[in-house]
Amino acid sequence: MSLLQVNNVTHSYGATNRFWRAGRQKTVLSDVSLSIEQGECLGLLGTSGAGKSTLGKVILGLEKPRKGQILFQGVDLYETNPSTRRRLRRDLQAVFQDCYSSVNPRMNAEQIIGEPLQNYERLSPNEHRRSISMLLESVGLSPEDRGKYPHQFSGGQLQRINIARAIALKPKLIVLDEAVSSLDMVNQTHVLHLLDELKTSFGLSYLFITHDVKAACSLSNSLVVMEKGEVIESCEDQSQLIASSHPTVKKLLESILSEHPRSRSIN
Amino acid sequence: MIIDPRHVLQVSGLHVKVRTAQGTVPLIQDISFELKPGRVLGIVGESGSGKTITSLSLLQLLDRKTIDMAGSIRLNGRELNGLKADKMRSIRGKEIALIMQNPMNAFTPVIKIGDQFIETIRIHTALTKKQAFELAVTTMHDVNLPEPAGLMKLYPFQLSGGMLQRVMIAVAICLRPSVIIADEPTTALDATNQLQVLRQLERIRSEYGTSILLISHDLGVIAEMADEVAVMRHGRIVEQADVYRLFDHPQHEYTKKLLSARPALQDNKPSKEFVMS
Chain A
1 MSLLQVNNVT HSYGATNRFW RAGRQKTVLS DVSLSIEQGE CLGLLGTSGA
51 GKSTLGKVIL GLEKPRKGQI LFQGVDLYET NPSTRRRLRR DLQAVFQDCY
101 SSVNPRMNAE QIIGEPLQNY ERLSPNEHRR SISMLLESVG LSPEDRGKYP
151 HQFSGGQLQR INIARAIALK PKLIVLDEAV SSLDMVNQTH VLHLLDELKT
201 SFGLSYLFIT HDVKAACSLS NSLVVMEKGE VIESCEDQSQ LIASSHPTVK
251 KLLESILSEH PRSRSIN
Chain B
268 MIIDPRHVLQ VSGLHVKVRT AQGTVPLIQD ISFELKPGRV LGIVGESGSG
318 KTITSLSLLQ LLDRKTIDMA GSIRLNGREL NGLKADKMRS IRGKEIALIM
368 QNPMNAFTPV IKIGDQFIET IRIHTALTKK QAFELAVTTM HDVNLPEPAG
418 LMKLYPFQLS GGMLQRVMIA VAICLRPSVI IADEPTTALD ATNQLQVLRQ
468 LERIRSEYGT SILLISHDLG VIAEMADEVA VMRHGRIVEQ ADVYRLFDHP
518 QHEYTKKLLS ARPALQDNKP SKEFVMS
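Residue numbers (this note's numbering), protein chains in the order written: chain A, 1 to 267; chain B, 268 to 544.
Everything labelled a hint here was simulated from the structure, so no lab data went into it.
Glycine included, every Cβ here is placed at the ideal spot set by N, Cα and C.
Some clues are possibly wrong.
Calculated lysine-lysine pairs in the DSBU-like style (CA-CA distance at most 30 Å, straight line) [unchecked claim]:
no., chain 1, residue 1, chain 2, residue 2
1, B, K354, B, K379
2, B, K332, B, K361
3, B, K351, B, K420
4, A, K199, A, K26
5, B, K523, A, K199
6, A, K57, A, K251
7, A, K26, B, K379
8, A, K26, A, K228
9, B, K524, A, K199
10, A, K64, A, K170
11, A, K148, B, K524
12, A, K26, A, K170
13, A, K170, A, K228
14, A, K228, A, K57
15, A, K148, A, K199
16, B, K397, B, K332
17, A, K170, A, K57
18, B, K379, A, K228
19, A, K26, B, K420
20, B, K524, B, K351
21, B, K420, A, K228
22, B, K524, B, K361
23, A, K148, B, K284
24, A, K67, A, K26
Ranges between beta-carbon positions, derived for each pair [unchecked claim]:
no., chain 1, residue 1, chain 2, residue 2, range
25, B, T291, A, S101, 31 to 41 Å
26, A, E144, B, S527, 28 to 38 Å
27, B, H501, A, V75, 47 to 57 Å
28, B, G290, A, Q111, 25 to 35 Å
29, A, R262, B, G417, 38 to 48 Å
A short, non-exhaustive set of chain B residues, derived as facing chain A with CB atoms under 8 Å [what the hints assert, rightly or not]:
no., residue
30, F424
31, L426
32, G428
33, T459
34, L462
35, L465
36, I471
37, R472
38, G476
39, L486
40, E491
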């Protein structure tokens with residue numbers, strides 16, 4: 001059994017208000033199916049507006065799809081009773097693109113990282129402190145940073161805090177929704193390395209949502225490309241993606257900027 | 268300082284300090300570079316290295332009450348540092364234009380794109396509203412925006428990020444400035460839009476001979492566009508070289524670190540390398 005199974009999910013947005021014309025629905029996901037195995041990273045590629053983030057939300061249990069089902073460890077998150085849902089939700093965490101808006105600015109690092117622990121675990125104050133120190137260290141920050149507030153961190157550091165919060169409960173799957181896109185290149189590389197290390201040491205699985213082909217290839221085992229709410233290509237590895245004949249995939253690959261001025265594609 | 272007429276923009280010994288309650292803090296130190304007509308100078312560095320402060324200080328957009336600026340900025344032989352605010356306003360947008368990172372924040376959300384566009388044109392020229400409208404439509408057409416006349420009636424939020432960024436480029440180029448400062452022009456865009464916007468900038472440079480100061484943290488953007496590169500760190504330029512020399516023989520330790528930080532896609536575009544060499 002796969003860790004996560006997405007079966008024929010269809011979702012649409014639109015005005016449901018009865019004062020508006022009915023039927024003005026915009027389909028953002030149509031018949032999407034994919035699966036993630038334990039310990040695997042699935043890269044979800046696509047241009048903006050392809051429905052990547054909506055799929056992420058649907059998987060996280062934040063948005064009930066119109067059709068289809070999401071099976072996380074064999075259980076449908078939207079159909080189960082609240083207590084099972086709460087238990088499963090523990091193994092399902094997320095890191096979003098904008099690191100500053102995904103934390104409460106009035107909480108310090110310790111409170112931010114400690115929040116999931118407080119929700120799910122009953123730790124003594126000493127254990128709580130110790131696990132926060134360990135989490136900070138595992139994302140490459142020092143335990144002295146625990147008292148700092150979000151505005152005192154740089155974007156890269158704060159994204160690490162977000163990652164620390166996501167791994168606090170030793171989840172099984174983390175949805176990374178453009179988690180490295182807002183970082184500069186040096187920080188991006190650091191965070192990608194960190195994610196790769198954590199994946200091996202904690203046996204994590206990722207759904208890595210991005211529009212950056214290079215970042216997706218460096219972290220993912222398998223890749224899925226979406227366009228206009230549909231999965232148009234799924235590949236086992238990056239060489240299959242490069243060899244793909246689908247025009248959208250080709251366009252995506254062409255838009256990778258060259259690594260050296262000699263191989264410029266502009267001009 | 269030797270004033271060289273071949274340089275559109277000549278910056279030398281630029282220091283910017285901010286006055287705080289704890290004393291003055293240097294933001295950028297001893298920045299010097301030249302920009303020749305029709306060339307692209309890339310400034311690269313990680314966040315917090317002073318790239319944006321450099322661009323804002325060139326445009327004199329920093330708050331003069333809290334900022335100390337020393338050094339010389341010469342645009343077409345004219346000193347900008349210390350220029351009166353109203354004089355600077357007539358230069359900004361006409362002779363030197365800015366393309367900002369986030370197009371969604373660069374426009375006023377409650378005013379139609381067309382009105383904002385026409386306002387920019389009419390402040391700097393004696394054109395009538397109708398002529399300004401026509402100029403705006405032609406420029407938008409130039410940057411490959413579909414149905415420019417229709418776009419003029421829309422509000423910024425009705426356009427996608429990539430389209431809005433192209434509108435911003437159109438606003439920047441419509442008065443044919445001699446220098447465009449592009450501060451992370453593609454960071455907020457996805458890969459396909461990024462390439463389109465870069466192509467557009469490249470075309471403007473080759474067609475109108477506009478010089479571009481391209482600020483980015485992405486070495487891919489720099490590799491595609493720049494003729495010369497300045498690497499910034501902690502408010503200083505640590506290395507400045509021709510783009511080929513910088514990528515082939517980086518001198519400074521930090522440049523080497525930056526170059527090795529790029530995530531590589533193995534066997535990416537092998538055929539192209541082969542054809543080029």
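Right, here's what the structure says about each hint:
no.	hint	result
1	B:K354 with B:K379	27 Å, holds
2	B:K332 with B:K361	25 Å, holds
3	B:K351 with B:K420	35 Å, violated
4	A:K199 with A:K26	36 Å, violated
5	B:K523 with A:K199	28 Å, holds
6	A:K57 with A:K251	26 Å, holds
7	A:K26 with B:K379	25 Å, holds
8	A:K26 with A:K228	11 Å, holds
9	B:K524 with A:K199	25 Å, holds
10	A:K64 with A:K170	25 Å, holds
11	A:K148 with B:K524	29 Å, holds
12	A:K26 with A:K170	37 Å, violated
13	A:K170 with A:K228	34 Å, violated
14	A:K228 with A:K57	16 Å, holds
15	A:K148 with A:K199	27 Å, holds
16	B:K397 with B:K332	39 Å, violated
17	A:K170 with A:K57	20 Å, holds
18	B:K379 with A:K228	28 Å, holds
19	A:K26 with B:K420	24 Å, holds
20	B:K524 with B:K351	42 Å, violated
21	B:K420 with A:K228	27 Å, holds
22	B:K524 with B:K361	38 Å, violated
23	A:K148 with B:K284	26 Å, holds
24	A:K67 with A:K26	14 Å, holds
25	B:T291 with A:S101: 31 to 41 Å	32 Å, holds
26	A:E144 with B:S527: 28 to 38 Å	29 Å, holds
27	B:H501 with A:V75: 47 to 57 Å	52 Å, holds
28	B:G290 with A:Q111: 25 to 35 Å	32 Å, holds
29	A:R262 with B:G417: 38 to 48 Å	41 Å, holds
30	F424	14 Å, violated
31	L426	12 Å, violated
32	G428	7 Å, holds
33	T459	5 Å, holds
34	L462	4 Å, holds
35	L465	6 Å, holds
36	I471	12 Å, violated
37	R472	10 Å, violated
38	G476	15 Å, violated
39	L486	6 Å, holds
40	E491	5 Å, holds
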